[in-house]
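Q: Sequence:
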Amino acid sequence: MIVQFARRGKGVGSGPVDYLLGKDRNRERATLNQGDPDLVQSLIDSSPYAKKYTSGFLCFA
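When we follow our numbering, the leftmost residue of the sequence shown carries the number 134, and every step to the right adds one.
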């Protein structure tokens, strides 16, 4: 298993939300089990820090 964190975290909150759920929130087979994507986007946008979010991934080979 490979665990990595991406060197991202700058920019507006719509970037990571749109990447995961699709621009119109209709990405095929993407399901949101819990939470509010609009709230996540607002929290990212309101963060005063330079690196506003952390993204990572797991790779099972």
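Hints may contain errors.
To be verified - Distance condition first, Cα-Cα at most 20 Å in a straight line; then the derived EDC-like pairs of lysine to aspartate or glutamate:
| no. | residue 1 | residue 2 |
| --- | --- | --- |
| 1 | Lys185 | Glu161 |
| 2 | Lys143 | Glu161 |
| 3 | Lys143 | Asp171 |
| 4 | Lys185 | Asp171 |
| 5 | Lys156 | Asp169 |
| 6 | Lys185 | Asp169 |
| 7 | Lys184 | Asp151 |
| 8 | Lys184 | Asp157 |
To be verified - Derived DEER-like restraints, expressed as beta-carbon distance ranges:
| no. | residue 1 | residue 2 | range |
| --- | --- | --- | --- |
| 9 | Phe138 | Pro170 | 16 to 22 Å |
| 10 | Leu172 | Met134 | 20 to 26 Å |
| 11 | Val145 | Phe193 | 29 to 35 Å |
| 12 | Leu172 | Ile135 | 16 to 22 Å |
| 13 | Thr187 | Gln167 | 17 to 23 Å |
| 14 | Ala139 | Ala194 | 23 to 29 Å |
These are calculated hints, taken from the structure and not from any lab test. Only a predicted model underlies this, so the values are computations on that prediction, with no experimental measurement involved. No residue lacks a Cβ here, since even glycine has one placed at the ideal position from N, Cα and C.
Q: For every hint, state whether the structure bears it out.
A: Tested hints:
Between Lys185 and Glu161 the alpha-carbon distance is near 27 Å, which puts this suggested pair outside the 20 Å criterion. Distance check on the hinted pair: Lys143 and Glu161 sit about 26 Å apart at the alpha-carbon level, beyond 20 Å; violated. Taking the CA atoms of Lys143 and Asp171, the gap is near 18 Å; set against the 20 Å cutoff, the hint holds. With a C-alpha separation of about 15 Å, the suggested pair Lys185 and Asp171 falls inside the 20 Å cut-off, and the hint holds.
The straight-line distance between the Cα atoms of Lys156 and Asp169 is roughly 15 Å, inside the 20 Å bound, and the hint therefore holds. Proximity of Lys185 to Asp169 is assessed by CA-CA distance (about 18 Å); at most 20 Å being required, the pair is judged to hold. Restraint check for Lys184 and Asp151: satisfied, since their Cα atoms lie roughly 18 Å apart, inside the 20 Å limit. This hinted pair does not check out: Lys184 and Asp157 have alpha carbons roughly 25 Å apart, beyond 20 Å.
At about 21 Å, the CB distance of Phe138 to Pro170 agrees with the hint of 16 to 22 Å. The given range of 20 to 26 Å is broken by Leu172 and Met134, whose C-beta atoms sit roughly 30 Å from each other. For Val145 and Phe193, the Cβ-Cβ distance of about 31 Å falls inside the hinted range of 29 to 35 Å, so the restraint holds. Checked against the hint of 16 to 22 Å, the C-beta distance between Leu172 and Ile135 comes to roughly 30 Å, which is inconsistent with it.
At about 19 Å, the CB distance of Thr187 to Gln167 agrees with the hint of 17 to 23 Å. Here the CB-CB span from Ala139 to Ala194 is close to 18 Å, at odds with the stated 23 to 29 Å.
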